Amino acid sequence: MSKDMMPAFELYQPDTVDGAIELLSDAGEGGWALAGGNDSLDWFKDRIKRPSVVVDLAGLDELKGIREASDGGVEIGALTTLTAVETSPLITERYGVLAAAARRVASPQIRNSGTIGGNLCQDARCWYYRYGLDCYRAGGNSCYADSPAGQNREHCLWGADRCVAVSPSDTAPAMVVLDARMVIRNASGEREVPAEQFFIGPDVDIERMTALERGDVLTSIRIPAEWSGATFYFEKVADRNTWDFPLVNVAAAMFVQGGNIERIRMAAGAVQAVPRRLSVVEQVVTGQPKNEATAALAGQSAVRGATPLNFNHFKIPLLQNLVTRAIRDA
Amino acid sequence: MADKTNDHGVGAYLEPRFDTGSEGGPLKIASVKASRRQFIKGVIASGAAVSGAGVLFGGLSGCAPDRAGVGGVERMLMLRVNGAMRTVDVLPNETLAMTLRYKLNLTGTKLGCDRGECGACTVLVDDVATYSCSTLTHSVRDKAITTIEGLESADGQLHPVQQAMIDELGPQCGFCTPGQVMSAVALLKVNPRPTRDEARLALSGNLCRCGAYDHYLNSVMRAAGTA
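Going down the list, the sequences are from chains A and B.
Okay, so the first sequence: first residue is 643 according to our numbering, each after it adds one.
Okay, so the second sequence: first residue is 320 according to our numbering, each after it adds one.
Take the hints with a grain of salt, since some may be wrong.
[What the hints assert, rightly or not] Simulated coverage check for chain A against chain B, where a stretch passes if three residues somewhere in it have a Cβ under 8 angstroms from a Cβ of chain B:
#1 683-691
#2 743-751
[As the list claims (entries may be wrong)] Listed below are the simulated DMTMM-like cross-link pairs for lysine to aspartate or glutamate, each with C-alpha atoms no more than 25 angstroms apart in a straight line:
#3 A:K687 - B:D474
#4 B:K462 - A:D657
#5 A:K687 - A:D668
#6 A:K706 - B:D445
#7 A:K691 - A:D858
#8 B:K462 - B:D446
#9 A:K706 - A:E735
#10 B:K462 - B:D533
#11 B:K508 - B:D408
#12 A:K706 - A:E838
#13 B:K508 - B:E471
#14 B:K508 - B:D474
#15 A:K706 - A:D646
#16 B:K462 - A:D684
#17 B:K462 - B:D516
#18 A:K706 - B:D446
#19 B:K462 - A:E728
#20 B:K462 - A:D703
#21 A:K706 - A:D684
#22 A:K706 - A:E849
#23 A:K687 - A:E849
#24 B:K462 - A:E868
#25 A:K691 - A:E664
#26 A:K687 - A:E671
#27 A:K691 - A:D646
#28 A:K706 - A:E855
#29 B:K508 - A:E728
#30 A:K706 - B:D461
#31 B:K462 - B:D408
#32 A:K706 - A:D821
Don't read these hints as lab results, they were simulated from the structure.
Bear in mind that the values here come from a model prediction, so they are computed numbers and not experimental data.
All residues carry an ideal CB built from backbone N, CA and C; glycine is no exception.
Work out the full structure: start from the sequences and follow the hints.
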């Protein structure tokens, strides 16, 4: 196999977040923020994305680590590795659903260098898009996946809007369930966006997956105390246990009292361009006994309105079963 | 030639204007001005000639910049590899696997997929198993890098994991073996007595097309407690 390196770019390694933001702002369209690099370098090697300026965030120590917040929650620096997230006592003891999700990402080596911020900000994995075709998401005017011959086994059940790609992140549904806040900084200041609004579908902007705009840097994730120590469930189904992105994953957080589900939040990944909050399930099971019957009802209600493409019908019973198990086995 | 810019000091941001007419040719610094951006670690053109004995897939094309660029990191690095400080000229867009194999001649580290999907390029960065194909060399400039060549002791004795691989006939074709060994060594550093399942998980980021997974696991379990 003959291949060479990725095309040339200027590399900057700022020591401060403000410095990184300034560099990215100056670079404009040609700028690229590099975290763990596991996804970025593939884009560059494939010549699909060709930034002229790459800003390596690896030196921003202020964005690393997990600390207890004053409200009893935790704050995770965006550059904290997935390995650090999955092994952190703060996370495993209080927010087990996030630790479980981080543990199922890719492979050990990728978790060692891949960051929580990078995992949340992942771009779509649709192979037509990744191949560099001029699809809607790439600024063109076709969708190759949602065509008569299109291979769309991995694609969406909801929210198709020209593009049928799905949210590929394992940690994103966990963040939605924990009602996490994404802290975003740019040249004019800092803002906090709830996880549910952080992820955006093609109906909002077809060329990006998150609310991040040019010049924005995701600096940390704040997880409120509200769901600390809840009963959690996370399950991911993928073709292989290592590397592969989810075919479907589910995350749930619930408080169960006297056998009844008092409060619950639930989300599924890889069924829509955003992690899909399963609000109907939440409504159906709240106040109900946590038993087989409720679980079955939850599964049925989770898939209402699902619109499969040519090759992803299997995702409907898969999601239904995962949701059923989440209620039954959590 | 990168040494020249070292004279201006790492840590200062310089804004040189180059005569970039000749790609790969000598660069003339027309003016150099230290600026406010003290947070940037250095600057040098990425259009200078390639150093090192580069033998690349399909020739040198890979390591030669395809256009002259200005700005960014200091290209001359001191890398701590296998306990020794090595001076090496590293392009901004160069992966650690490229630097190790084609600049430092440490060809024990293999390149399989070059996409972080096979594990053949696994090395230790500060004792943590890392895909060197998916890591920019500049990102690990301050870290300790260990490759398969750095495992045996000074007197030539193999690392216990290496010895166990021999004793248990771990590899078949051997191409993925350096990566498998590095993953096993990283595991035993933090968990000297792993269960077989823990070892399986630790090696799950390394593919073996011969399917010698069980033999590899036998080797790791034999080495456990002696590494």
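Now for the hints, and whether the structure bears them out:
1. Coverage of a stretch by a chain is defined here by at least three residues with a beta carbon nearer than 8 angstroms to that chain's beta carbons; for the region 683-691 of chain A and chain B the count is 4, and the condition holds.
2. Only when three residues or more bring their CB closer than 8 angstroms to a CB of chain B does the claim for the region 743-751 of chain A stand; here the count is 4, and the claim holds.
3. Between K687 (chain A) and D474 (chain B), the direct Cα distance comes to roughly 40 angstroms. Violation of the 25 angstroms bound is thereby established for this hinted pair.
4. A hinted pair counts as satisfied when its Cα atoms are at most 25 angstroms apart, and K462 (chain B) with D657 (chain A) qualifies at roughly 16 angstroms.
5. A threshold of 25 angstroms between alpha carbons decides the hint, and for K687 (chain A) with D668 (chain A) the separation of about 24 angstroms falls inside it, so the pair holds.
6. Under the criterion of a C-alpha separation no larger than 25 angstroms, the hint pairing K706 (chain A) with D445 (chain B) is consistent with the structure, at around 16 angstroms.
7. Between K691 (chain A) and D858 (chain A), the direct Cα distance comes to roughly 19 angstroms. Compliance with the 25 angstroms bound is thereby established for this hinted pair.
8. Straight-line distance between C-alpha atoms of K462 (chain B) and D446 (chain B) comes to about 9 angstroms, which keeps the hinted pair within the 25 angstroms bound.
9. Between K706 (chain A) and E735 (chain A), the direct Cα distance comes to roughly 20 angstroms. Compliance with the 25 angstroms bound is thereby established for this hinted pair.
10. At most 25 angstroms may separate the alpha-carbon atoms for a hinted pair to count; K462 (chain B) and D533 (chain B) exceed this at roughly 32 angstroms.
11. Between K508 (chain B) and D408 (chain B), the direct Cα distance comes to roughly 31 angstroms. Violation of the 25 angstroms bound is thereby established for this hinted pair.
12. Using a Cα cut-off of 25 angstroms, the hinted pair K706 (chain A) and E838 (chain A) holds, with the two alpha carbons roughly 23 angstroms apart.
13. Proximity of K508 (chain B) to E471 (chain B) is assessed by CA-CA distance (about 15 angstroms); at most 25 angstroms being required, the pair is judged to hold.
14. A C-alpha spacing of about 21 angstroms is found between K508 (chain B) and D474 (chain B), which places the hinted pair at or below 25 angstroms, so the restraint holds.
15. Distance restraint check for K706 (chain A) and D646 (chain A): the Cα-Cα separation of roughly 33 angstroms exceeds the 25 angstroms cut-off, and the hinted pair is therefore not satisfied.
16. Of the supplied pair hints, the one linking K462 (chain B) and D684 (chain A) holds, its CA atoms being roughly 23 angstroms apart against a limit of 25 angstroms.
17. Our distance criterion of 25 angstroms between C-alpha atoms is broken by K462 (chain B) and D516 (chain B), whose separation comes to about 30 angstroms.
18. For the suggested pair K706 (chain A) and D446 (chain B), the alpha carbons sit about 18 angstroms apart, so the restraint of at most 25 angstroms is met.
19. Restraint check for K462 (chain B) and E728 (chain A): the C-alpha separation of about 23 angstroms stays at or below 25 angstroms, so the hint holds.
20. Straight-line distance between C-alpha atoms of K462 (chain B) and D703 (chain A) comes to about 14 angstroms, which keeps the hinted pair within the 25 angstroms bound.
21. Proposed proximity of K706 (chain A) and D684 (chain A) is supported: the alpha carbons are some 24 angstroms apart, at most 25 angstroms.
22. A hinted pair counts as satisfied when its Cα atoms are at most 25 angstroms apart, and K706 (chain A) with E849 (chain A) does not qualify at roughly 28 angstroms.
23. Taking the CA atoms of K687 (chain A) and E849 (chain A), the gap is about 20 angstroms. The hint holds against a cut of 25 angstroms.
24. For the hint pairing K462 (chain B) with E868 (chain A), the CA-to-CA distance comes to about 39 angstroms; that exceeds 25 angstroms, so the pair is violated.
25. This hinted pair checks out: K691 (chain A) and E664 (chain A) have alpha carbons roughly 21 angstroms apart, not beyond 25 angstroms.
26. For a cut-off of 25 angstroms, the pair hint linking K687 (chain A) to E671 (chain A) stands: about 19 angstroms separates their Cα positions.
27. Pair hint K691 (chain A) plus D646 (chain A) holds up; C-alpha atoms about 16 angstroms apart against a cutoff of 25 angstroms.
28. At most 25 angstroms may separate the alpha-carbon atoms for a hinted pair to count; K706 (chain A) and E855 (chain A) meet this at roughly 22 angstroms.
29. About 18 angstroms separates the Cα atoms of K508 (chain B) and E728 (chain A), which keeps this hinted pair within 25 angstroms; it holds.
30. A hinted pair counts as satisfied when its Cα atoms are at most 25 angstroms apart, and K706 (chain A) with D461 (chain B) qualifies at roughly 16 angstroms.
31. A C-alpha spacing of about 17 angstroms is found between K462 (chain B) and D408 (chain B), which places the hinted pair at or below 25 angstroms, so the restraint holds.
32. For the suggested pair K706 (chain A) and D821 (chain A), the alpha carbons sit about 21 angstroms apart, so the restraint of at most 25 angstroms is met.
Checked against the numbered hints given earlier, this structure breaks hints 3, 10, 11, 15, 17, 22 and 24; the rest are met.
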